[in-house]
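All chains should be modelled from the sequences, with the hints used to inform the complete structure.
Sequence order for the protein chains is A and B.
Start counting the first sequence at 1; every next residue gets the next number (my numbering).
Start counting the second sequence at 221; every next residue gets the next number (my numbering).
Note that these hints are calculated values from the structure, not bench results.
We treat Cβ as the ideally placed atom computed from N, Cα and C, and that holds for glycine.
Watch out, some of these pointers could steer you wrong.
Claimed, not checked - Here are some, though not all, of the chain B residues that point toward chain A, as calculated from beta-carbon distances under 10 angstroms:
hint	residue
1	Arg272
2	Leu277
3	Thr281
4	Ser282
5	Gly283
6	Met309
7	Arg318
8	Pro329
9	Leu332
10	Pro361
11	Leu477
Unchecked claim - Examples of chain A residues toward chain B, derived with CB under 8 angstroms:
hint	residue
12	Ala126
13	Gly131
14	Ala132
If you want the building blocks of each chain, they are given just below.
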Amino acid sequence: MRQTDFSAFLPRLTDAIFETLLMVSASFLLAGVLGILLGLVLYACRPGNLLENRAVFAVLNFIVNIVRPIPFLIVAVSLIPLTRLIMNTSIGPVAAIVPLTVVASVSIARIAESNLVAVDPGAVEAGAAMGAGPLRILFTIVVPEALGPLTLGMTYIFVALVDATAVAGVIGGGGLGDLAMRYGYQRFDWVVVAVIVLVLVILVQFAQALGNWIARRVMH
Amino acid sequence: MSKSVTFERVSKSFEHRGRTVQALDDVSLTIEPGDIHAIVGYSGAGKSTLLRTVNALERPTSGAVFVGDQEISALRGKHLLAARQRIGMVFQQFNLLRSRSVYKNIAYPLRLAGLSESETIDRVEELLEFVGLSDKALQYPSQLSGGQKQRVGIARALATRPDVLISDEATSALDPETTLEVLGLLKRVNEEYGVTVLLVTHEMEAVREIADQVAVMQNGRIIEEGSVYSIFSNPQTDTAKRFVASVLRHRPDARSLSAIRRVHTGRLVEVRVGDRETNDPFLSRITREHGVDFNVVYGGVSESKDSLFGRLTVELLGGDSDIDATIASLRAVADVEEVAA
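Given below as structure tokens:
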């Protein structure tokens with residue numbers, strides 16, 4: 001085992017932290033918007049729900065079910081044409097945002113849908129009895145009532161995205177996972193691996209603590 | 221302003237696992253404006269389904285439901301939403317919004333009705349005062365007791381000054397003391413705001429406490445209907461009798477009767493007592509006239525809406541023909557039934 005060259009490693013580490021944060025936060029924000037919209041549509045169109053629409057539900061449900069079980073690596077590779085189209089390149093952290101967003105969107109859609117479904121039907125009924133229309137009930141009752149568990153679900157997705165960026169690194173995405181693989185694991189430099197793992201643990205701890213704090217604030 | 225509620229030949233059936241269930245079977249009923257009308261029945265009798273047709277949370281398969289002269293069961297879309305704002309609803313499980321404070325729960329229907337911020341503040345404060353929760357405005361439902369939650373539920377239901385308040389087992393999740401408190405509040409709502417109250421319950425205690433009229437439901441039908449006094453003092457159907465017996469211990473059941481029989485071997489009659497127009501001591505007067513003695517062996521008298529009613533089980537002692545004559549004379553002034561030996 002050789003001596004770790006910190007003067008070369010540290011700039012790489014700061015770059016990788018930046019790349020990871022870029023990939024995770026950009027895809028998290030984009031997927032947050034897309035996924036929650038998708039989840040809302042799934043919930044509202046569910047048989048027996050506010051805007052029941054079996055056709056829309058069946059199609060979206062099918063898409064979500066198709067994408068979710070596919071391993072991220074395969075999604076990322078098969079989306080390369082789409083990534084090129086959107087980002088003009090298929091390599092690097094910016095390009096990785098595309099497959100990360102797609103995968104996170106469907107996961108968030110499912111998490112959002114199940115949290116919305118779990119809202120007390122009595123609250124929905126109270127809204128209807130007070131004379132609120134379906135969309136009003138959706139946005140002023142169902143969503144606020146689901147916000148606590150939804151925040152925790154989103155935190156889980158954030159952490160899962162940190163994990164997924166490591167895989168994105170393998171196909172040229174860059175970031176901490178990539179650095180750990182190439183400069184740590186493949187060179188048998190366990191100090192590098194340990195430092196990167198420590199950074200990841202701190203990042204995840206921080207994200208989880210923040211998520212818990214927000215969830216507590218909205219849940220009462 | 222209070223309004224009447226009218227059910228006209230309302231039927232409702234739905235499919236359940238391939239079988240058709242008849243939840244409501246040709247129900248016709250009128251709730252007079254300003255009344256507190258109770259619907260009682262065992263679970264599955266259809267009473268909640270009937271109640272939920274009043275604000276079209278359930279729609280009848282056939283028949284019509286009116287609030288005032290507006291046919292609720294025919295309304296759709298915006299008109300239905302507007303009509304629902306004139307009908308307050310209180311739920312067994314309170315159905316408060318947990319993500320909102322007490323204040324915001326009560327403000328919700330007001331914002332729906334388009335009140336301004338300042339009007340909303342005034343109205344919510346007034347309602348909080350009315351239900352006695354002024355100090356809880358900024359608390360969340362999870363911080364309240366069951367009775368407090370239901371008071372918030374009632375304040376919310378009253379917010380838009382509805383014509384009709386419907387209550388689906390509002391006190392069934394509460395302990396007896398809190399139940400009385402919430403019933404008292406419903407009664408005040410009726411008296412002070414003149415709101416017509418239609419309440420569904422399986423607790424006869426609640427009916428006796430506040431209702432004017434009562435309808436008894438079974439298998440989707442109304443099998444008996446009348447003033448609380450008439451149903452309590454003289455129930456006709458077995459179901460009504462069982463409900464009345466659940467709160468009134470006026471008549472001996474089979475076990476008490478066999479205990480009575482161990483000592484009292486004479487002929488037993490049940491005499492209806494209660495509100496009378498004179499203070500004629502008819503029991504002692506008539507028995508004395510016929511040379512018959514009597515023992516009161518069981519009975520009770522209760523009060524509902526300032527009326528007294530009850531039954532006494534009386535043992536008559538004397539010659540058979542004298543007792544026959546006594547019973548005949550008693551029947552002239554009171555309801556009398558001989559208890560089979």
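Each hint tested on the structure:
| no. | hint | result |
| --- | --- | --- |
| 1 | Arg272 | holds (9 angstroms) |
| 2 | Leu277 | holds (6 angstroms) |
| 3 | Thr281 | violated (18 angstroms) |
| 4 | Ser282 | violated (23 angstroms) |
| 5 | Gly283 | violated (21 angstroms) |
| 6 | Met309 | holds (4 angstroms) |
| 7 | Arg318 | holds (6 angstroms) |
| 8 | Pro329 | holds (4 angstroms) |
| 9 | Leu332 | holds (6 angstroms) |
| 10 | Pro361 | holds (8 angstroms) |
| 11 | Leu477 | violated (45 angstroms) |
| 12 | Ala126 | holds (4 angstroms) |
| 13 | Gly131 | holds (4 angstroms) |
| 14 | Ala132 | holds (6 angstroms) |
The earlier numbered hints that this structure contradicts are 3, 4, 5 and 11.
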